[in-house]
Amino acid sequence: MASFDIKDKVAIVGVGHTKFGRSIDRHALDLIAEAMQNALDDCGLRKEDLDGLCSNFGWPASYDVDAMAETLGLNLNWYGQTWTHGRFCASVIQWASFVVHFGLANYVACVIGQGAGPRMVGGAGDIEGRRETGGGHGESPHYGMTSPGAGAALAARRYFHRYGATPEQLAAVPIAFRKHASLNPNAIMRAPITREDYLNSRFVCEPLRLYDYCLVNDGGTCVIVTSADRAKHLKKPPVYIAGMQGIRTGRQEFIFGLPGLGVMQQEEFAYAPKPEQLKIYQTSGLGPKDIGALYTYDAFSFLAWVALERFAFCGPGEAPSFTQGGQIELGGELPMNTNGGLMSEAHMSGWNHQIEIVRQLRGECGERQVKGLEVAMWANAYGDALIYRR
Numbered sequence: 001m002a003s004f005d006i007k008d009k010v011a012i013v014g015v016g017h018t019k020f021g022r023s024i025d026r027h028a029l030d031l032i033a034e035a036m037q038n039a040l041d042d043c044g045l046r047k048e049d050l051d052g053l054c055s056n057f058g059w060p061a062s063y064d065v066d067a068m069a070e071t072l073g074l075n076l077n078w079y080g081q082t083w084t085h086g087r088f089c090a091s092v093i094q095w096a097s098f099v100v101h102f103g104l105a106n107y108v109a110c111v112i113g114q115g116a117g118p119r120m121v122g123g124a125g126d127i128e129g130r131r132e133t134g135g136g137h138g139e140s141p142h143y144g145m146t147s148p149g150a151g152a153a154l155a156a157r158r159y160f161h162r163y164g165a166t167p168e169q170l171a172a173v174p175i176a177f178r179k180h181a182s183l184n185p186n187a188i189m190r191a192p193i194t195r196e197d198y199l200n201s202r203f204v205c206e207p208l209r210l211y212d213y214c215l216v217n218d219g220g221t222c223v224i225v226t227s228a229d230r231a232k233h234l235k236k237p238p239v240y241i242a243g244m245q246g247i248r249t250g251r252q253e254f255i256f257g258l259p260g261l262g263v264m265q266q267e268e269f270a271y272a273p274k275p276e277q278l279k280i281y282q283t284s285g286l287g288p289k290d291i292g293a294l295y296t297y298d299a300f301s302f303l304a305w306v307a308l309e310r311f312a313f314c315g316p317g318e319a320p321s322f323t324q325g326g327q328i329e330l331g332g333e334l335p336m337n338t339n340g341g342l343m344s345e346a347h348m349s350g351w352n353h354q355i356e357i358v359r360q361l362r363g364e365c366g367e368r369q370v371k372g373l374e375v376a377m378w379a380n381a382y383g384d385a386l387i388y389r390r
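In our numbering, the protein residues as written are 1 to 390.
These aren't lab readings, by the way, just hints derived from the structure by calculation.
The reader is advised that the hints may include incorrect statements.
To be verified - Taking lysine-lysine and the BS3-like style, the derived pairs with C-alpha atoms no more than 30 Å apart in a straight line are:
id, residue 1, residue 2
1, K179, K9
2, K19, K7
3, K279, K9
4, K274, K289
5, K235, K7
6, K19, K235
As the list claims (entries may be wrong) - DEER-style ranges, computed between Cβ atoms:
id, residue 1, residue 2, range
7, R248, G331, 31 to 39 Å
8, T71, E333, 17 to 25 Å
9, D290, P316, 21 to 29 Å
10, K19, Q266, 40 to 48 Å
11, G331, D66, 32 to 40 Å
12, F102, G285, 18 to 26 Å
13, L199, Q277, 33 to 41 Å
This one's a predicted model, so the numbers in the text were calculated from it and none came from an experiment.
All C-beta atoms, glycine included, are put in the ideal place defined by N, C-alpha and C.
Based on the provided sequences and hints, a complete structural model is requested.
Right, dumping it as structure tokens:
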């Protein structure tokens with residue numbers, strides 16, 4: 001395999017966010033502007049230094065990047081935008097990394113903003129499902145699949161059946177993330193939950209309960225990417241991107257499950273990743289044992305299990321036992337989502353996780369700091385990944 005020429009040559013230098021809340025009576029562009037200014041202050045840059053802008057969250061949920069640039073008074077050499085979907089967070093960072101590495105821009109701000117206004121997911125708001133081929137979450141309105149939660153529940157049900165997993169085991173995931181959120185002053189949901197709370201909570205779509213679901217909220221975030229050479233001269237210690245892997249799709253892929261799970265897929269088999277499916281470790285020269293903290297897109301608690309198996313932290317069907325006994329909590333073998341994640345801190349499409357990773361590697365997280373952290377990883381159920389190092 002060709003060497004990964006970009007390794008350690010790109011860094012995150014500034015991060016910023018607004019207050020997160022269930023409903024903040026502010027315009028999305030206002031929230032983006034605040035988050036951007038906070039990120040600029042974090043690294044000591046000015047707005048005039050930014051010459052790149054990208055996002056994975058435009059119309060119909062927020063504002064497109066060209067409209068953002070015009071309103072915020074930015075003069076850009078490059079901008080880019082995926083279609084609106086939370087799963088493209090890492091893809092946007094990878095995109096920004098290539099842009100600064102190859103000289104198309106010097107400083108790229110990666111932003112999203114979710115502000116005041118109607119926002120529905122599923123049901124009457126099933127924009128995804130109205131596509132000709134259905135939605136990317138598995139939305140198929142003609143037989144009642146009209147929300148992301150339905151697709152996730154279908155995959156979780158299949159996994160439970162295949163491996164004998166139990167609700168009591170799944171409870172460990174939201175309980176751990178809520179414990180972390182209780183130490184995070186930025187988190188929306190900070191009150192601890194117990195196993196009894198979890199098991200007594202209502203089903204939303206079996207086998208997933210209320211506490212298995214992420215939040216829906218308002219807020220803004222900004223992450224600034226630049227070259228390693230420029231990063232050395234800025235205000236805070238840079239956090240380097242040591243490796244990356246792209247998001248996957250294909251006939252064996254379903255957004256909320258593992259390949260071979262048999263949900264909206266062509267075959268059924270016990271998935272164990274092959275070396276060519278773990279480019280993240282090849283590009284970084286690191287492996288699962290080198291990772292000091294793991295972050296994943298926890299739109300639903302079950303996705304934490306998918307990520308653990310997809311990236312070889314454990315074998316097929318082993319994630320339920322891996323997550324027991326505090327192993328994914330602070331002080332455990334592999335702390336996960338130390339900010340509280342989408343389920344307890346805020347749903348900012350994974351950007352709040354990237355901000356947490358940067359702050360953890362800088363040693364800025366106070367009570368929830370992972371001691372001696374050198375390497376952290378974003379590993380997504382969707383197959384994309386980033387490895388960061390100090």
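**Asked** Which of the stated hints cannot be reconciled with the structure, identified by number in ascending sequence?
**Response** 1, 2, 8 and 11
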